[in-house]
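J.: Please model the entire structure based on the sequences and the hints provided.
Number of protein chains: 2
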Amino acid sequence: MPSIDDLDTPAILIDAARAEANIKKAQAHADAHGLKLRPHIKTHKLPYWAKKQVAAGAVGITCQKIGEAEVMADAGLEDIFLPYNILGRAKLERLKALHGRVTLSVTADSHETLEGLAATFTDAGHPLSVLVECDTGMGRCGVQSPAEAITLAKVIDQAKGLSFGGLMTYPAAGRAAEADAWLKTARDALAAAGLECKRISSGGTPDMWRSGKDSVVTEYRPGTYIYLDRYQVAKGVGTLDDCALTVLATVVSHPTASRAILDSGSKALSSDTLGLPEFGELLGVPGARVTGLSEEHGTVTLSDGA
Amino acid sequence: MPSIDDLDTPAILIDAARAEANIKKAQAHADAHGLKLRPHIKTHKLPYWAKKQVAAGAVGITCQKIGEAEVMADAGLEDIFLPYNILGRAKLERLKALHGRVTLSVTADSHETLEGLAATFTDAGHPLSVLVECDTGMGRCGVQSPAEAITLAKVIDQAKGLSFGGLMTYPAAGRAAEADAWLKTARDALAAAGLECKRISSGGTPDMWRSGKDSVVTEYRPGTYIYLDRYQVAKGVGTLDDCALTVLATVVSHPTASRAILDSGSKALSSDTLGLPEFGELLGVPGARVTGLSEEHGTVTLSDGA
Chain A
1 MPSIDDLDTP AILIDAARAE ANIKKAQAHA DAHGLKLRPH IKTHKLPYWA
51 KKQVAAGAVG ITCQKIGEAE VMADAGLEDI FLPYNILGRA KLERLKALHG
101 RVTLSVTADS HETLEGLAAT FTDAGHPLSV LVECDTGMGR CGVQSPAEAI
151 TLAKVIDQAK GLSFGGLMTY PAAGRAAEAD AWLKTARDAL AAAGLECKRI
201 SSGGTPDMWR SGKDSVVTEY RPGTYIYLDR YQVAKGVGTL DDCALTVLAT
251 VVSHPTASRA ILDSGSKALS SDTLGLPEFG ELLGVPGARV TGLSEEHGTV
301 TLSDGA
Chain B
1 MPSIDDLDTP AILIDAARAE ANIKKAQAHA DAHGLKLRPH IKTHKLPYWA
51 KKQVAAGAVG ITCQKIGEAE VMADAGLEDI FLPYNILGRA KLERLKALHG
101 RVTLSVTADS HETLEGLAAT FTDAGHPLSV LVECDTGMGR CGVQSPAEAI
151 TLAKVIDQAK GLSFGGLMTY PAAGRAAEAD AWLKTARDAL AAAGLECKRI
201 SSGGTPDMWR SGKDSVVTEY RPGTYIYLDR YQVAKGVGTL DDCALTVLAT
251 VVSHPTASRA ILDSGSKALS SDTLGLPEFG ELLGVPGARV TGLSEEHGTV
301 TLSDGA
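Protein chains in written order, with this note's numbering: chain A, 1 to 306; chain B, 1 to 306.
There could be a bad hint or two in this list.
When chains are identical, the list treats them as one kind, so a pair holds in a single copy or across two.
The calculated PhoX-like cross-link candidates involving lysine-lysine, where the alpha carbons are at most 20 Å apart (straight line), are [stated by the list, open to error]:
1) K36 <-> K51
2) K24 <-> K52
3) K160 <-> K25
If you're looking for bench data, these hints aren't it; they were derived computationally from the structure.
T.: See below:
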């Protein structure tokens with residue numbers, strides 16, 4: 001086995017034991033709370049981990065793009081949820097091909113999306129499962145009220161090649177209770193209209209750990225939980241010792257006593273900080289902070305003694 | 001020729017006529033000011049454009065990584081500058097292979113970097129050109145004083161397989177005059193020590209247009225100038241009508257009167273805003289602003305009437 005010193009940098013290192021422990025821990029939590037787990041694979045994009053997640057008990061996987069779903073289908077994953085409005089002839093044709101080989105479900109939040117789906121999927125013997133996306137506070141996609149959800153659910157239910165699959169939301173961080181109340185209202189109104197929610201699907205790693213048995217949510221789509229990161233740690237989900245993904249970098253310059261430059265910049269470390277200060281932790285170097293990024297350089301500020 | 005409606009989204013669109021006009025304009029400016037142009041290809045990463053830049057009069061190209069340089073060498077580019085401290089056996093071996101097939105130059109700002117280069121390049125008949133990187137105010141890599149530059153220049157000059165190529169800097173934005181004074185001091189001290197600066201290389205698109213004949217800089221490495229972007233427009237370099245690269249997106253959701261969601265998020269549009277407010281301009285839609293990004297969603301806020 002090669003030594004870490006043989007690796008060219010920047011390199012992503014994955015601690016497989018930690019990732020497996022994170023998979024098991026989330027599955028145990030879901031099992032204990034009667035939740036089905038449908039991990040979001042956009043965090044890792046690796047069939048290797050998707051299969052591990054399913055083997056641990058997940059009911060299937062979640063993908064964000066058709067391209068991701070195609071890769072996972074090629075690798076043998078059998079139950080794929082694509083919670084996205086799929087629009088346009090090119091993507092609808094790929095979606096139809098995918099539906100021919102895996103158990104597929106998607107979402108819609110508009111009549112426009114449903115028109116495309118209904119025109120593409122017309123086989124009553126093999127309908128496409130469509131969940132209604134609900135904006136329960138996140139302010140992104142989704143119908144704005146339970147009444148709108150019912151309207152779309154009826155359209156789905158009446159389309160020959162579609163079947164109503166339930167409700168889906170990506171809740172605002174920390175507002176799972178508000179989302180739950182929204183979804184419960186919609187679920188009960190749908191039931192009164194004779195439409196059963198087979199699935200009520202929610203997502204977001206931090207809130208998963210706060211979801212309990214009193215929720216109407218039936219399935220959860222955590223993504224980041226497999227590797228965790230410093231944002232999750234800041235939100236109280238595990239510690240840095242639970243984080244399974246790190247970037248191995250080389251110090252390429254040390255121009256002053258308080259400044260070091262890494263060969264890992266915004267492309268290797270991400271400039272997407274989710275509001276956290278600075279750009280990363282340096283493991284094992286107390287007092288060293290990544291204070292700036294350009295594309296191929298990371299600037300580290302060293303405090304005294306670091 | 002396919003219509004724009006046939007393109008799947010998100011898609012990058014490049015207006016070739018605008019890019020060619022930007023190439024010509026920069027070359028004309030450089031020619032008028034006695035500057036050599038050595039465009040940075042990390043903006044486009046396309047041999048097609050690198051060849052156009054050289055055909056327009058550039059003396060060669062600049063790459064930020066060995067992998068980029070290898071692609072450009074494979075495509076027939078013949079003069080490549082890699083302004084980076086190259087460290088470690090794997091990269092030094094690739095650098096040596098590259099030196100065997102193109103006119104190559106690199107930079108160094110430390111004895112550690114020079115030790116690796118001197119141990120790898122030992123052929124006095126075909127030396128590697130090494131420029132000293134100077135921190136003239138940017139606060140990233142580079143020696144901190146002209147005196148340090150002279151020390152390293154002497155080490156390069158005395159290494160059998162290396163030749164001293166001059167000075168290189170990436171100046172702090174808007175502080176080109178300060179950088180120029182720094183470089184002039186170093187150049188004159190090097191000359192007094194018998195070391196000629198064959199090249200004094202500077203970079204950064206906005207400041208290129210302010211560089212004049214009174215500068216000690218002999219070559220410029222602009223990158224973004226080929227496509228421009230809203231940061232350059234904010235800095236007064238051209239207008240949105242000069243920008244050659246746009247992203248074609250689809251509105252996948254329009255959940256409220258004031259909110260639309262694009263299929264283009266941080267991966268398609270970049271979360272790297274360089275300090276600009278918000279995340280992009282929507283061409284032809286006055287009053288619409290990209291106010292939020294997640295990985296595969298862009299949130300657009302629409303003012304009244306947009």
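J.: All hints are to be evaluated individually against the structure, with a verdict given for each.
T.: Here is how each hint holds up against the structure:
no. : hint         : result
1   : K36 <-> K51  : within (16 Å within a copy, 55 Å between copies)
2   : K24 <-> K52  : within (10 Å within a copy, 54 Å between copies)
3   : K160 <-> K25 : neither (41 Å within a copy, 59 Å between copies)
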